[in-house]
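Full structure from sequences and hints, please.
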Amino acid sequence: MKVVVCVKQIPDPADPGALDPDTRTLRRDVKLILDESDSYGVEMALQLVDTAGEGSVHLVSMVPDDEVSGLRTALAMGADSATLVSDEALAGSDALGTARVLAAAIERSEPDLVLAATESSDGYTGVVPAQVAELLGLPSVTFAKEISIDGGTATVRRQTEAGADRVECPLPAVVSVTAGVVEPRYPSFRGIMQAKNKPVDNLKVTDLGIAAEQVGWAGAGQEITDIAEAPERAAGEIVEDEGDAHERIVAFLDELKVI
Amino acid sequence: MTLDKIWVFGEAGADGVATITLEMLAKAREVAGTVEVFLGSDGEASAAELGDHGAARVYSTGDLGGRMQGVSVASAAADAISSGGVAAPDAFLLGTTYDGRDVAARLSVKLDAGVLSNVVDLHLDGDRLVGVEPVFGGTVNVTSRFTGGGPDIWLVRPKSFEPAAVGGPSAEVVDLPVPELGAAGGAVVLDRFTEESEGPKLDEAAIVVSGGRGLGSAEAYSMIEQLAKELGAAPGASRAIVDAGWVPYSYQVGQTGKVVKPTVYIACGISGATQHLVGMKGSKNIIAINKDSEAPIFAVADLGIVGDVHKVVPKLTEALEGR
Ligand SMILES: Cc1cc2nc3c(=O)[nH]c(=O)nc-3n(C[C@H](O)[C@H](O)[C@H](O)COP(=O)(O)OP(=O)(O)OC[C@H]3O[C@@H](n4cnc5c(N)ncnc54)[C@H](O)[C@@H]3O)c2cc1C
Ligand SMILES: Cc1cc2nc3c(=O)[nH]c(=O)nc-3n(C[C@H](O)[C@H](O)[C@H](O)COP(=O)(O)OP(=O)(O)OC[C@H]3O[C@@H](n4cnc5c(N)ncnc54)[C@H](O)[C@@H]3O)c2cc1C
Chain A
1 MKVVVCVKQI PDPADPGALD PDTRTLRRDV KLILDESDSY GVEMALQLVD TAGEGSVHLV
61 SMVPDDEVSG LRTALAMGAD SATLVSDEAL AGSDALGTAR VLAAAIERSE PDLVLAATES
121 SDGYTGVVPA QVAELLGLPS VTFAKEISID GGTATVRRQT EAGADRVECP LPAVVSVTAG
181 VVEPRYPSFR GIMQAKNKPV DNLKVTDLGI AAEQVGWAGA GQEITDIAEA PERAAGEIVE
241 DEGDAHERIV AFLDELKVI
Chain B
1 MTLDKIWVFG EAGADGVATI TLEMLAKARE VAGTVEVFLG SDGEASAAEL GDHGAARVYS
61 TGDLGGRMQG VSVASAAADA ISSGGVAAPD AFLLGTTYDG RDVAARLSVK LDAGVLSNVV
121 DLHLDGDRLV GVEPVFGGTV NVTSRFTGGG PDIWLVRPKS FEPAAVGGPS AEVVDLPVPE
181 LGAAGGAVVL DRFTEESEGP KLDEAAIVVS GGRGLGSAEA YSMIEQLAKE LGAAPGASRA
241 IVDAGWVPYS YQVGQTGKVV KPTVYIACGI SGATQHLVGM KGSKNIIAIN KDSEAPIFAV
301 ADLGIVGDVH KVVPKLTEAL EGR
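Quick note, the sequences are listed as chains A and B, same order.
Number 127 in this note's numbering belongs to position 127 of the first sequence; there are no gaps in the numbering.
Number 158 in this note's numbering belongs to position 158 of the second sequence; there are no gaps in the numbering.
Calculated directly from the structure, the hints in this document are not laboratory data.
Be careful, since some hints might not be right.
[Claimed, not checked] Okay, the calculated beta carbon distance ranges per label pair:
| no. | chain 1 | residue 1 | chain 2 | residue 2 | range |
| --- | --- | --- | --- | --- | --- |
| 1 | A | Gly163 | B | Gly216 | 26 to 32 Å |
| 2 | B | Leu124 | A | Glu107 | 37 to 43 Å |
| 3 | B | Asp4 | A | Gln194 | 57 to 63 Å |
[As the list claims (entries may be wrong)] Here are the computed lysine-lysine pairs in the DSBU-like style, where the Cα-Cα straight-line distance is at most 30 Å:
| no. | chain 1 | residue 1 | chain 2 | residue 2 |
| --- | --- | --- | --- | --- |
| 4 | B | Lys159 | B | Lys5 |
| 5 | B | Lys229 | A | Lys257 |
| 6 | B | Lys201 | B | Lys229 |
| 7 | A | Lys145 | B | Lys110 |
| 8 | B | Lys159 | A | Lys145 |
| 9 | A | Lys257 | B | Lys261 |
| 10 | A | Lys145 | B | Lys201 |
| 11 | B | Lys261 | B | Lys311 |
| 12 | B | Lys261 | B | Lys201 |
| 13 | B | Lys315 | B | Lys229 |
| 14 | B | Lys159 | B | Lys284 |
| 15 | B | Lys261 | B | Lys284 |
| 16 | B | Lys201 | B | Lys311 |
| 17 | B | Lys284 | B | Lys311 |
| 18 | A | Lys204 | B | Lys110 |
| 19 | B | Lys229 | A | Lys145 |
| 20 | B | Lys159 | B | Lys201 |
| 21 | B | Lys311 | A | Lys257 |
| 22 | A | Lys257 | B | Lys291 |
| 23 | B | Lys5 | B | Lys110 |
| 24 | A | Lys145 | A | Lys2 |
| 25 | B | Lys284 | B | Lys201 |
| 26 | A | Lys145 | B | Lys261 |
| 27 | B | Lys159 | A | Lys257 |
| 28 | B | Lys229 | B | Lys261 |
| 29 | A | Lys257 | B | Lys201 |
| 30 | A | Lys198 | A | Lys2 |
| 31 | A | Lys31 | A | Lys198 |
| 32 | A | Lys257 | B | Lys315 |
| 33 | B | Lys284 | A | Lys257 |
| 34 | A | Lys2 | B | Lys110 |
Fair warning: this is a prediction, and the values are worked out from it, not measured in the lab.
For each residue, glycine too, the CB sits at the ideal point set by N, CA and C.
As structure tokens, then:
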């Protein structure tokens with residue numbers, strides 16, 4: 001079984017950088033790391049291949065520079081190989097442009113299953129996985145909480161507003177997983193050493209048969225027109241609890257006429 | 001200047017049309033001459049409510065059985081437009097929901113149009129919509145617009161607008177046939193499970209009581225449930241305790257969870273990380289209980305209690321009993 005996992009490399013969410021007032025996008029001159037959301041996809045893929053008893057896990061990532069540290073983290077977890085599409089032309093890509101590139105890169109490995117996160121931690125549009133599926137003419141199941149594979153069929157427990165759906169889906173398919181579905185393993189020292197020698201295929205946009213105008217700033221049919229600080233909410237009364245703070249809360253709720 | 005036509009993706013369940021759909025209808029009416037709904041379920045069942053909220057027409061696929069909303073509704077809508085049977089709307093509004101995102105994603109590929117997501121406000125700038133998206137945990141608002149040919153596809157965060165009934169006549173129901181989907185339509189729902197939940201829904205409750213890591217243990221969450229029950233409130237949570245498995249994901253408030261705007265939000269043992277604040281900062285009144293007087297949650301609280309949740313919360317519940 002061949003599983004491809006989409007992994008996004010993002011600025012550390014603890015230190016997300018800033019919006020560049022000139023280009024009006026997130027400045028990417030900071031070091032990128034593996035999006036934690038994607039560590040669940042990687043772990044899920046490793047477990048599914050393990051359960052199947054055969055197969056491989058291939059990563060696909062797209063960046064405007066040639067950042068690989070996030071990919072190395074995922075390789076150190078146990079993925080076998082990776083495709084990195086890195087091209088300056090990709091800077092400023094919107095979700096649809098990103099999906100076009102990922103779909104073209106994924107298609108080359110003819111996977112049985114494509115995994116992604118339900119939403120990334122930085123852009124969190126949450127549309128890329130289903131866009132990739134549509135571009136590849138594949139079925140998709142988003143918000144997966146559990147996946148099991150039996151021959152050519154995946155059974156997915158999908159989170160819903162009301163609870164969950166049990167969805168059956170023929171392979172190949174695209175499935176996006178939510179955070180917390182599995183416990184991502186920490187790369188071992190051995191894994192980290194091995195990752196250094198795992199194959200990473202470097203591609204440019206044109207290698208994928210995609211014209212530069214279809215991606216990046218040129219391809220993104222959207223622009224930012226304004227960036228403004230959000231209005232702050234004023235802080236109110238602060239009370240130190242001396243055993244009777246609950247009475248102050250009751251009085252506050254009374255004033256609001258909610259009890 | 002208004003737009004000619006907006007299509008709102010409708011979602012409906014056993015208890016009627018989803019609030020997010022009604023919220024978007026209210027906004028759509030403000031900015032467009034004609035507002036229509038496209039729906040992956042039985043149109044007749046929702047026509048009266050949708051009409052009451054200002055929809056002139058509802059394009060409905062009928063019950064999809066087990067087929068997925070995303071691929072079915074997007075294919076049906078794109079087909080209706082590309083066949084020339086239905087004039088393309090200037091914009092599509094869809095909720096940032098489980099199915100809304102799937103429909104938007106598939107539709108964007110089919111129509112070769114971009115998606116702007118997570119918007120919390122929309123207004124007209126000349127003859128085109130612009131949308132406001134909060135970034136960096138809601139500290140910065142980014143306004144964006146489309147530059148391509150359209151139609152524009154917007155994903156709207158729940159609770160961004162107020163639903164408003166206008167007393168319109170029942171919407172006209174029009175068939176929206178789902179074309180042959182091929183391999184892309186292969187996924188089917190076998191069973192649906194409903195999580196049992198008592199009391200009001202998290203995103204609709206007038207009062208929300210949320211717990212965070214400061215509770216110390218999964219067992220201590222029962223203290224939040226008891227207080228919530230006493231107040232007729234919905235229990236909520238920070239992501240820290242959802243990820244820890246103390247409560248299900250459906251309890252999560254914040255950037256990657258639900259947006260809530262209750263009359264009162266009570267945060268117990270929650271630090272107030274920006275990603276949590278973005279989900280509850282719009283509450284009318286905020287009460288925070290935290291033992292650390294420096295916790296960022298106090299910066300947004302109308303009433304802040306510096307204290308131990310294990311002491312304050314049970315006493316509060318007791319004081320409310322019998323009221
Ligand atoms: C604050 C902010 C807001 C934005 N808003 C929009 C918007 O409204 N509309 C829009 O079109 N673009 C938007 N963008 C740009 C968008 O984030 C990028 O286009 C990005 O490349 C893909 O979108 P995403 O991260 O939101 O994807 P999501 O759909 O949230 O990602 C889901 C999953 O797809 C996979 N994936 C996504 N990108 C990659 C990648 N580069 N490499 C490998 N796997 C990947 C990962 O598994 C990821 O977890 C925004 C960016 C930022 C920083
Ligand atoms: C991309 C991304 C998306 C995210 N999305 C969300 C989201 O949707 N929702 C969300 O909530 N978070 C989200 N987070 C996580 C967020 O950054 C915080 O980690 C999380 O909100 C912290 O939860 P907490 O406040 O419960 O825990 P902590 O930050 O650990 O805070 C616990 C608090 O409890 C207090 N405390 C401890 N003991 C007691 C006591 N006995 N009595 C009273 N107070 C006590 C402490 O002083 C502390 O302030 C996201 C993060 C990222 C990177």
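Verify the proposed pairing of lysine 31 (chain A) with lysine 198 (chain A), using a straight-line Cα cut of 30 Å. holds (21 Å)
Mind checking the alpha carbons of lysine 229 (chain B) and lysine 261 (chain B) for me, to see if they're no more than 30 Å apart? holds (19 Å)
Within a Cα-Cα threshold of 30 Å, do lysine 229 (chain B) and lysine 257 (chain A) meet the stated pairing? holds (17 Å)
Next pair to validate is lysine 159 (chain B) with lysine 284 (chain B); report whether the Cα-Cα distance is within 30 Å. holds (13 Å)
Whether the CB-CB distance between aspartate 4 (chain B) and glutamine 194 (chain A) falls inside 57 to 63 Å: holds (59 Å)
Take the C-beta atom of leucine 124 (chain B) and the C-beta atom of glutamate 107 (chain A), compute their distance, and say whether it sits inside 37 to 43 Å. holds (40 Å)
Do the alpha carbons of lysine 145 (chain A) and lysine 2 (chain A) lie within 30 Å of each other, as the hint requires? Holds. Lysine 145 (chain A) to lysine 2 (chain A) sits at ~20 Å (cutoff 30 Å).
Pair hint lysine 198 (chain A) and lysine 2 (chain A), alpha-carbon separation not exceeding 30 Å: Within the cut-off at roughly 17 Å; holds.
With a cut-off of 30 Å on the C-alpha distance, tell me whether lysine 284 (chain B) and lysine 201 (chain B) pass. holds (17 Å)
Between lysine 145 (chain A) and lysine 110 (chain B), does the CA-CA distance stay at or below 30 Å? Status holds; Cα separation ~28 Å.
Proposed proximity, lysine 201 (chain B) with lysine 159 (chain B) (alpha carbon, max 30 Å): Status holds; Cα separation ~13 Å.
Straight-line Cα separation of lysine 257 (chain A) and lysine 201 (chain B) no greater than 30 Å? OK: lysine 257 (chain A) and lysine 201 (chain B) at ~20 Å, within 30 Å.
Checked against the numbered hints above, the structure violates none of them.
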